[in-house]
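*Asks:* Its first residue numbered 3, the sequence shown is counted upward by one per residue in this note's numbering.
Certain hints may be false.
Across the chosen pairs, the derived CB separations fall in these ranges [to be verified]:
#, residue 1, residue 2, range
1, P69, S44, 34 to 42 angstroms
2, P70, S18, 53 to 61 angstroms
3, A41, G21, 16 to 24 angstroms
4, R17, P70, 54 to 62 angstroms
5, Y39, R17, 25 to 33 angstroms
6, E57, G16, 33 to 41 angstroms
If you are wondering where the hints come from, they were derived from the structure by calculation, not from laboratory data. Beta carbons are placed, not taken as given, at the ideal position from N, Cα and C, and that holds for glycine.
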Amino acid sequence: MTELAVAVPDPIVGRSLWGNAWARLKRNRAAMFSLYYLAFISIISVFGPMVVPHEYTTIYGDYVRTPPS
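Could you build the full structure based on these sequences and the hints that come with them?
*Replies:* As C-alpha cells, this is what we get:
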C-alpha cells in the first residue's frame with residue numbers, strides 16, 4: 003500500500019479575553035480619542051509643574067486686593 007500525505011492544519015490559536023477587548027477598543031474611535039485625551043492630561047499633570055516658571059505656593063501680594071480688570 004502507498005502512504006498518502008495527509009495535510010494536518012495548524013491548530014487555531016484564539017485571542018485571549020484581553021486581546022479581544024483591546025481589539026474592540028481599537029475599533030471604537032471615540033474610545034481611542036478618550037484614551038489619548040486622558041493620557042495627554044495625565045502627562046501634563048505629571049510634568050506640568052516642572053515647566054511652570056513659578057511655584058504653586060507663591061503668593062503675589064500686589065494682586066491680593068485688586069479689583070477684576
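*Asks:* Are the hints correct? Go through all of them and say.
*Replies:* Status of the hints after comparison with the structure:
| no. | hint | result |
| --- | --- | --- |
| 1 | P69 with S44: 34 to 42 angstroms | holds (37 angstroms) |
| 2 | P70 with S18: 53 to 61 angstroms | holds (57 angstroms) |
| 3 | A41 with G21: 16 to 24 angstroms | holds (20 angstroms) |
| 4 | R17 with P70: 54 to 62 angstroms | holds (58 angstroms) |
| 5 | Y39 with R17: 25 to 33 angstroms | holds (27 angstroms) |
| 6 | E57 with G16: 33 to 41 angstroms | violated (54 angstroms) |
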